[in-house]
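The opening residue of the sequence shown carries number 1 in the UniProt record's numbering; numbering runs sequentially from there.
Bear in mind the hints are in silico, worked out from the structure with no lab data behind them.
Some hints here could point you the wrong way.
Said to hold, decoys possible - Keeping only pairs whose Cα atoms sit at most 16 Å apart, straight-line, the calculated EDC-like set for lysine to aspartate or glutamate is:
| id | residue 1 | residue 2 |
| --- | --- | --- |
| 1 | LYS211 | GLU306 |
| 2 | LYS158 | ASP140 |
| 3 | LYS215 | ASP205 |
| 4 | LYS158 | ASP123 |
| 5 | LYS215 | ASP305 |
| 6 | LYS203 | ASP180 |
| 7 | LYS215 | GLU105 |
| 8 | LYS211 | ASP305 |
Said to hold, decoys possible - Label pairs and their in silico Cβ distance ranges:
| id | residue 1 | residue 2 | range |
| --- | --- | --- | --- |
| 9 | GLU141 | SER119 | 32 to 42 Å |
| 10 | SER174 | ASP96 | 19 to 29 Å |
| 11 | VAL281 | PRO146 | 18 to 28 Å |
Here a beta-carbon is modelled for each residue, glycine too, at the ideal position from N, C-alpha and C.
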Amino acid sequence: MSDAAENDPSPRKRLRDDALQMGPRKKARISDPLVHHGRHFGRTVHALCNVHILIVDGMLRLGELANEPEESFTYEQRRAFRVFRQLLNMIPELDDRLINGGGEEAEGVARHIQKGVSSARSDDTKSLKGAILDWISPIDEPLCPPIHRNQKFNCGFKHDVTGALLCPVQLDWSDPQVKDALSSGELAVPGDHWPVLLYAQCKFDPEDPWKGFLKNRILVLAYKHIFTSPSSVEKEVKATRSGNARIHGMTKVTCPSIAYVATQARFALSSSSVFSRTDTVTDSERFYNSLLEFLEDNEEQQNVDELLVWWNRYVLLRIQC
1 MSDAAENDPS PRKRLRDDAL QMGPRKKARI SDPLVHHGRH FGRTVHALCN VHILIVDGML
61 RLGELANEPE ESFTYEQRRA FRVFRQLLNM IPELDDRLIN GGGEEAEGVA RHIQKGVSSA
121 RSDDTKSLKG AILDWISPID EPLCPPIHRN QKFNCGFKHD VTGALLCPVQ LDWSDPQVKD
181 ALSSGELAVP GDHWPVLLYA QCKFDPEDPW KGFLKNRILV LAYKHIFTSP SSVEKEVKAT
241 RSGNARIHGM TKVTCPSIAY VATQARFALS SSSVFSRTDT VTDSERFYNS LLEFLEDNEE
301 QQNVDELLVW WNRYVLLRIQ C
């Protein structure tokens with residue numbers, strides 16, 4: 001291959017497969033309304049993507065690769081383009097701004113949106129860390145042994161209550177050998193091994209995997225905590241104007257928003273103190289992506305539609321009332 005060919009690859013070769021993976025953190029220099037949009041984008045569309053790659057590849061698809069057949073792109077590239085289109089639909093005139101601007105404009109746009117995504121995730125992580133302890137504690141009683149609200153060293157599989165919630169459905173937390181292996185770290189849990197936390201009353205039915213799936217009380221409380229307001233979690237009250245759902249004109253629950261809340265709740269129960277893509281203990285990125293891919297599976301569409309009806313009826317409608 002010639003040097004010219006290497007320096008000027010075809011548009012399709014310039015597409016990446018990692019747009020929906022977290023990238024390195026970069027600070028946005030100035031405040032911008034895009035940061036505001038980025039917060040909602042991360043919570044309701046995709047929480048762990050590399051926004052710059054998403055935009056660069058998306059613009060290639062709209063421009064030089066517009067006439068390429070869909071089947072010529074990888075599964076990840078097709079997913080990323082769908083997310084990019086959702087981003088364009090979410091932010092007024094973003095497409096014009098990207099088309100008329102150059103590379104520096106695209107980089108600046110991406111930086112501000114990424115800042116919004118990251119700051120919302122960080123805020124929610126900090127806020128849930130203490131709140132979730134109230135939800136898993138017995139009424140009018142502290143956890144035994146107690147868990148400090150600002151320290152997580154004895155959470156996760158090191159505590160009987162949080163460990164039971166995080167235990168994968170394939171394992172039995174009541175088995176002393178399983179408990180010891182998980183608490184010691186001898187048995188690592190990959191992110192795509194889902195915990196009983198995802199199921200109503202923490203009960204998984206292998207004969208009916210959709211029974212109670214993503215209907216756990218803790219997930220509902222976490223969703224209200226993030227999208228309504230922390231004060232509305234334990235009582236039926238009208239959402240405040242400052243609630244995230246109202247601020248962003250949210251009218252329906254999205255699959256990514258459920259996956260996001262589940263990821264945040266799972267992380268809050270873990271012993272990890274910093275949300276990081278390199279954290280192999282929680283493996284949060286794999287957990288989030290595996291859950292999101294499952295909810296986007298066409299073969300699961302009927303069950304997913306029924307799940308969204310349930311969430312809209314019992315969660316979001318109360319936010320909007």
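So, going through the hints one by one against the coordinates:
1. LYS211 to GLU306: holds (11 Å)
2. LYS158 to ASP140: Not satisfied, since the Cα-Cα distance of roughly 23 Å exceeds 16 Å.
3. LYS215 to ASP205: holds (13 Å)
4. LYS158 to ASP123: Outside the cut-off at roughly 25 Å; violated.
5. LYS215 to ASP305: The given pair, whose Cα atoms are some 14 Å apart, holds under the 16 Å limit.
6. LYS203 to ASP180: Not satisfied, since the Cα-Cα distance of roughly 22 Å exceeds 16 Å.
7. LYS215 to GLU105: violated (42 Å)
8. LYS211 to ASP305: Since the Cα atoms of LYS211 and ASP305 sit roughly 14 Å apart, the hinted pair holds (cutoff 16 Å).
9. GLU141 to SER119: 32 to 42 Å: Holds - the Cβ-Cβ distance for GLU141 and SER119, about 35 Å, lies within 32 to 42 Å.
10. SER174 to ASP96: 19 to 29 Å: With a Cβ separation near 59 Å, SER174 and ASP96 fall outside 19 to 29 Å, so the hint is violated.
11. VAL281 to PRO146: 18 to 28 Å: Between VAL281 and PRO146, where Cβ atoms are some 22 Å apart, the hint holds.
In terms of the numbered hints stated before, the structure departs from hints 2, 4, 6, 7 and 10, listed from lowest to highest.
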